[in-house]
Structure formats: structure tokens, C-alpha cells
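2 protein chains.
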Amino acid sequence: MIKVVHIGIGPLGQKVVKYARERKGIEIVGAVDLDPQKIGQDLGEFCGLDSLNVPIMESLDDVLNEKNPDVAVVTTLSSLERIESQLKELGAAGLDIVSTCEELSYPWETQPEVAGRINETCKENNVTCLGTGVNPGFLMDYLPSVLSSVCQNVEKVRVSRVQDASSRRIPFQKKIGAGLTDGQFKEKEQNGSLRHVGLPESVYMIAKAMNWELDNVEETLQPVYAKEHIGSGYTDIGKNNPSGVEQIGRGFIDGEEKVTLHFRAAVGEEKSFDKVEIEGTPSFSSTINGGVNGDIATSAITVNAIASVTKAHSGLKTMLDVPVPSCFSEV
Amino acid sequence: MIKVVHIGIGPLGQKVVKYARERKGIEIVGAVDLDPQKIGQDLGEFCGLDSLNVPIMESLDDVLNEKNPDVAVVTTLSSLERIESQLKELGAAGLDIVSTCEELSYPWETQPEVAGRINETCKENNVTCLGTGVNPGFLMDYLPSVLSSVCQNVEKVRVSRVQDASSRRIPFQKKIGAGLTDGQFKEKEQNGSLRHVGLPESVYMIAKAMNWELDNVEETLQPVYAKEHIGSGYTDIGKNNPSGVEQIGRGFIDGEEKVTLHFRAAVGEEKSFDKVEIEGTPSFSSTINGGVNGDIATSAITVNAIASVTKAHSGLKTMLDVPVPSCFSEV
Numbered sequence: 035m036i037k038v039v040h041i042g043i044g045p046l047g048q049k050v051v052k053y054a055r056e057r058k059g060i061e062i063v064g065a066v067d068l069d070p071q072k073i074g075q076d077l078g079e080f081c082g083l084d085s086l087n088v089p090i091m092e093s094l095d096d097v098l099n100e101k102n103p104d105v106a107v108v109t110t111l112s113s114l115e116r117i118e119s120q121l122k123e124l125g126a127a128g129l130d131i132v133s134t135c136e137e138l139s140y141p142w143e144t145q146p147e148v149a150g151r152i153n154e155t156c157k158e159n160n161v162t163c164l165g166t167g168v169n170p171g172f173l174m175d176y177l178p179s180v181l182s183s184v185c186q187n188v189e190k191v192r193v194s195r196v197q198d199a200s201s202r203r204i205p206f207q208k209k210i211g212a213g214l215t216d217g218q219f220k221e222k223e224q225n226g227s228l229r230h231v232g233l234p235e236s237v238y239m240i241a242k243a244m245n246w247e248l249d250n251v252e253e254t255l256q257p258v259y260a261k262e263h264i265g266s267g268y269t270d271i272g273k274n275n276p277s278g279v280e281q282i283g284r285g286f287i288d289g290e291e292k293v294t295l296h297f298r299a300a301v302g303e304e305k306s307f308d309k310v311e312i313e314g315t316p317s318f319s320s321t322i323n324g325g326v327n328g329d330i331a332t333s334a335i336t337v338n339a340i341a342s343v344t345k346a347h348s349g350l351k352t353m354l355d356v357p358v359p360s361c362f363s364e365v
Numbered sequence: 035m036i037k038v039v040h041i042g043i044g045p046l047g048q049k050v051v052k053y054a055r056e057r058k059g060i061e062i063v064g065a066v067d068l069d070p071q072k073i074g075q076d077l078g079e080f081c082g083l084d085s086l087n088v089p090i091m092e093s094l095d096d097v098l099n100e101k102n103p104d105v106a107v108v109t110t111l112s113s114l115e116r117i118e119s120q121l122k123e124l125g126a127a128g129l130d131i132v133s134t135c136e137e138l139s140y141p142w143e144t145q146p147e148v149a150g151r152i153n154e155t156c157k158e159n160n161v162t163c164l165g166t167g168v169n170p171g172f173l174m175d176y177l178p179s180v181l182s183s184v185c186q187n188v189e190k191v192r193v194s195r196v197q198d199a200s201s202r203r204i205p206f207q208k209k210i211g212a213g214l215t216d217g218q219f220k221e222k223e224q225n226g227s228l229r230h231v232g233l234p235e236s237v238y239m240i241a242k243a244m245n246w247e248l249d250n251v252e253e254t255l256q257p258v259y260a261k262e263h264i265g266s267g268y269t270d271i272g273k274n275n276p277s278g279v280e281q282i283g284r285g286f287i288d289g290e291e292k293v294t295l296h297f298r299a300a301v302g303e304e305k306s307f308d309k310v311e312i313e314g315t316p317s318f319s320s321t322i323n324g325g326v327n328g329d330i331a332t333s334a335i336t337v338n339a340i341a342s343v344t345k346a347h348s349g350l351k352t353m354l355d356v357p358v359p360s361c362f363s364e365v
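For the protein sequence lines, the chains are S and L, in the order given. Start counting the first sequence at 35; every next residue gets the next number (my numbering). Start counting the second sequence at 35; every next residue gets the next number (my numbering).
Do not rely on the hints blindly, as some may be mistaken.
The list cannot tell twin chains apart, which means a pair is met if one copy fits it or any two copies do.
Unchecked claim - When the alpha-carbon atoms are kept at most 30 Å apart in a straight line, the in silico BS3-like pairs for lysine-lysine are as follows:
| id | residue 1 | residue 2 |
| --- | --- | --- |
| 1 | Lys309 | Lys190 |
| 2 | Lys157 | Lys345 |
| 3 | Lys37 | Lys209 |
| 4 | Lys52 | Lys209 |
| 5 | Lys190 | Lys305 |
| 6 | Lys157 | Lys37 |
| 7 | Lys261 | Lys157 |
| 8 | Lys345 | Lys190 |
| 9 | Lys122 | Lys345 |
| 10 | Lys122 | Lys101 |
| 11 | Lys190 | Lys58 |
| 12 | Lys190 | Lys37 |
| 13 | Lys37 | Lys261 |
| 14 | Lys190 | Lys52 |
| 15 | Lys261 | Lys72 |
| 16 | Lys72 | Lys220 |
Quick caveat, the hints were computed from the structure, so don't treat them as lab data.
Make a model of the complete structure from these sequences and hints.
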């Protein structure tokens, strides 16, 4: 049995708890959240499950003193800078860590100093820290890297994740800007609350897998505009109003575009798919028609990675370094 | 620089040498083959390249005494039993090992005793031994395992590798029975020279990834018959004559078919593709239209895995355990 403590019991954290609960071989021994309204509540009941006899605590110390967790699952923040002290505290306490923090998925180029400090703490305490999720962490970085394993040579990697958001949760539809006016979209874009986080990290992870030294990484973001009135989302979207977002991440060597990551999520998008195209020896493309449901997949890979971090070398690791998570029915 | 010795300079071994030669970060320091006609020849020239100043030697000792290789690439045999002493000799000499031996890809269920002995030798000498290739080793076992990482639950895995062999090498077309009479096909089937080796190993690797304990694994083999005259292969194939082979591997728990691996290679096959279907939460399928060219891919993944074994834990490992090989342009 792997003993797990959950740090952060927001919507994603709750889903991860539910999924972890369903697995044999994982024992949930603790939960931590700063929200006074959650503290003291039973974790299971709070997540809509049967009681787990695990109270949500305010501080990690409370859990460490009573239980002896092996792994911490951290679903608190997207910003690596803001999560650093949390991760170091967990590492110093001797816990392996799996986190959905997008910027942790491959921080070695974007924030090398923070990455170095987390790595040092983990090595000193002989534990592993991993950032994962469906994206970043799988579809647009790990999977293309895996697929390149059968190539003698790779000239270029192009990944497309295109999603019709009509059937996704309302918060997701809002997050991608569907139903906003152009002005509201721009405002949200500027304060950074709209973007999919992790595209540069994915570009760099692919480059690492190929051993490419990129000299330039770019990211663009623009609204997707409804071509006609759309009624399939959480709210009506008028013609020429934002129905979602399109982001493109690019990595260059000597002006040549080696990595292109195309992320597009919009209400009313005609076709959902995840596609990896490799140009090389051999060239081929791999397509998941309908795409992978992000809500399920991020929670699932987070739980699956719990076993991987217990088996990996110590330090701050990425998906490229750890054993295949895979979907284990029990550990 | 990773120093590599190549064991076995047959057609596959020659291609692996060519690919290894093209990579920065790999230095080919030795070659071993038992064939008296090859011994003493320059490895590069024998493989159709420029001279490598590496003579093909008769015994490993000759290489070990002069050079100090880090990794052995073994492309000699498909039978684990027959390759055991070779692998143990290499492990005892302190070399990490990558081999295309199909039965080595996941031998823990099919030949646990041999696997245990190889594992022991590797652990004693702090080296890693890995069996890989495009299939087994990637398309029908590793890739579906990787894809399952985004699943909370997997009910069933189905993998199809369907290939039109028209454009493949003549030896491959012959190997799958294209152009044989029914009687010749049966004869080759009975002496075991026709089958694709590794299907049960792939079934077991998937089961391991899911942590399923299979109670029964079956394998069937039958000819594919030409529906009409086929002129696209290395030889004319008359209507109703064998144009190739179809093998199906199945894994069961309590009578329920959990894993289905469908391998079909025939001259004149309408469509080539590699497809993974996962039934679970979520269900999805991933398709490579046109399929992955096996000749290129097996040699490429063998070279790519050279870096992986140098970074893995010691022992007999499988693709599930090692860092993602990926296509590195230099180590």
C-alpha cells in the first residue's frame, strides 16, 4: 500500500481524491487545504464520497505527525514560483511528489533556478518530484517523445490538440473565453487568466527528448471567432464573437521551426482530435479521433504517476525520466 | 560518448551499426560475430559504410581486452534460451545490454527462470539488460501501456498491426509465407520458421502495465489467402494461395478477453495501419495510418535505447521500466 496525502482540495484535487480512492494499493492518509471552510471536514464526504475518516487539515505537519505518508499529490497552483516552498517542504519531509502544476512539467529551461533548488532538496532527501497531467505532461510532449522512439532521425514535430468545448465543464468553457466579448477576452488575456499554461514547457520537453538546443521559443494566443451563431455551449455565442482560444507554441533552431504545438479549444469546434506528426525517418502521424477528455485524463495520470515516482531515481524528474505510469488497477 | 560493441552482424545488426554510426555521442568500439567469413573484416566496410577501423572479432574477450565498451547491442537470436549465456557473459563483463531478442522483451511470465538468472547477473554487476524492437517492444505493448497512462480504468486493450508487405524486403515477404503453397505454409508453420515471435510477450507486458493477473494466454496463427491474383509482391500469388500470415494473441481473466493483439502481414493487404483501442475510462483509440515501417523502426529504437539503459536501474528491465528512449540526435 502506498500512503498518499493530498495537498489542495479544489475541483481538480477532489477528482484526484475520488480516483485515488477507487484504486487498490493506494491508501489516502491525509489531506491539506488552506481554505477555512474545508478544514476539519471529512475528505471523503467533502469530495462527495463515503467518509474516509481523513479530516482536511490546515498544515502538513498535522498529517506528518500522525500518519506516515509516502507520496504527496499536489494540485494547488499552476505557478512554479508560488509552489516552490510547498514542494521543498514536502521533499524535505521525505515524500515523493506528484503535482499537476503545469510549470513543473518541464521547468529546466523556463525556470532553471527554481528547478535546480527543488531538484537539490529532492536529491538530498532521496525523493522524486514529478509534474504531470494530460497537457502539459502527456499529449503534447510525452506522447510525441515516446513516438519518436522508433525514429532514426526527427526533422520536425508537430502536435495538434483541437477540442470542441461544448461538452466540457462550464468553468472550462469560461476559462477558454467562450461567450466573452472581444474586449473581455483581451482583458482576460492581458491579466493572464485565460491562457492554457504549459505550452513552452511542452516545447522544451520535446526538444530535450530529441536533444535539440532551441535558440528561440515563441508562444502566441488569439481568440477563435464564431463563424455563425453557436448554441451548443453554456451560453449563446453570437457570430464573430469569441468562442474559444487558439495558442501556438513554436521552437526554433537557426530560424528553422522544429517544434509546433497547436492548441485550440472552442465551443462549436467541428472536430475534436489529438494528433502527433513526426517528420523524419520514418515520417508518420498518430491520431486520436475525438481527442482525450482532459478532465478525466489529468486526474487519472496524476493517480497513475503515484506508482511511478516511488520507482524513479531521486530528484526533480520529468515524464521522460520515470517508468511508464500506465493504468494500474492496483499497485 | 557511449562506447558500443555490436554482437551479431547479420542483416539487422548491419542496419543497427549504420544507424549507430550516424549518431553523435555513440562510438562504435567493437563488433563480434561467429561467422568465419566476417571475422577480421572491417565492420564499417562490411556494413557498406566507410571504414570504422573496427575489425569484426570472433570473441567478446578480444574486444574487452582492447576497448572498454559501455553497452552491448545484441542482434543475434530470437530465442531467449539460446541467448542466455551470451547475455550473462556480457552482464558479467559489466556491460549494459540492448537486444532485439523478441523473447527478451517481456520474459517474466513465459520464461521466468531464464529471466531470473539474467536479472541476477545484471544486478550483481550493476548493469541493465533490455529487450526492445518495434514489435515486440513498442507498437503492440509499450505504446498501448503508455496510452493507458491517461485512463482511470481499463477494461480491455486491443491492438492491431496490419501491414501490406508488398513494399517490404523479400526476406520479410518470404518470412510471412507470401507465395508459398498451402502445404509449404503448413510445413513452415510447424517447424516454427514462419511466425512473428513475441506476441505472448506483448500480451504479458500489457497485463503487467495494468497489473492484471492473466489466467490464460492463447496464440493462433493462420494463413491469409489471396482473394484474387496478386502481382504486387516479390512473386506472383494465385487466388486462394497464402499471401501472408495472421496471428492473434489473447489474454484472459476468468474467461473474459482483456487483451487482443491482432498481427496481420500480407502482400496485397488493402490498408496498412497500427491501431490501439482502449476500452475504459476514457475509451479512445489511436491510429497510425500507413503503419510504422518495421525495418527502420526496429533498428532505430535499438539505437535510441542505448541511452536509456545507461540511465536505468540495474537488472533485467522491460520498456515499461526504462526512461523514454526517444530519438536523440546526440547523447
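Hint check results:
For the identical chains of this complex, Lys309 and Lys190 are neighbours both inside a copy (14 Å) and across copies (23 Å), given an alpha-carbon limit of 30 Å. Taking the shortest Cα distances, Lys157 and Lys345 sit within 30 Å of each other both inside one copy (14 Å) and across copies (16 Å). Taking the shortest Cα distances, Lys37 and Lys209 never come within 30 Å of each other, neither inside one copy (33 Å) nor across copies (51 Å). Taking the shortest Cα distances, Lys52 and Lys209 sit within 30 Å of each other inside one copy (23 Å), while across copies they are farther apart (50 Å).
Both within a single protomer and between protomers do Lys190 and Lys305 lie at most 30 Å apart by alpha-carbon distance, with minima of 24 Å and 26 Å respectively. With identical chains, the CA atoms of Lys157 and Lys37 are at most 30 Å apart both within one copy (21 Å) and between copies (28 Å). For the identical chains of this complex, Lys261 and Lys157 are neighbours neither inside a copy (53 Å) nor across copies (62 Å), given an alpha-carbon limit of 30 Å. Proximity of Lys345 to Lys190 under the C-alpha cut-off of 30 Å is restricted to the inter-copy arrangement: shortest distance 26 Å between copies versus 32 Å within a copy.
In the homo-oligomer, the alpha carbons of Lys122 and Lys345 lie at most 30 Å apart both inside one protomer (20 Å) and across protomers (25 Å), since each shortest distance falls under that limit. For the identical chains of this complex, Lys122 and Lys101 are intra-copy neighbours only, at 19 Å inside a copy versus 44 Å across copies, given an alpha-carbon limit of 30 Å. For the identical chains of this complex, Lys190 and Lys58 are inter-copy neighbours only, at 18 Å across copies versus 41 Å inside a copy, given an alpha-carbon limit of 30 Å. Within a single copy, Lys190 and Lys37 get their C-alpha atoms only as close as 42 Å, which misses the 30 Å cut-off; across copies the closest is 28 Å, which meets it.
For the homomeric pair Lys37 and Lys261, neither the shortest alpha-carbon distance inside one copy (51 Å) nor that between copies (58 Å) is at most 30 Å. In the homo-oligomer, the alpha carbons of Lys190 and Lys52 lie at most 30 Å apart only across protomers (22 Å), although the nearest pairing inside one protomer, at 39 Å, exceeds that limit. For the homomeric pair Lys261 and Lys72, neither the shortest alpha-carbon distance inside one copy (43 Å) nor that between copies (68 Å) is at most 30 Å. Proximity of Lys72 and Lys220 under a CA criterion of 30 Å is satisfied in neither setting, with 34 Å inside one chain copy and 69 Å between copies.
Hint check: violations occur at hints 3, 7, 13, 15, 16; the rest are consistent with the structure.
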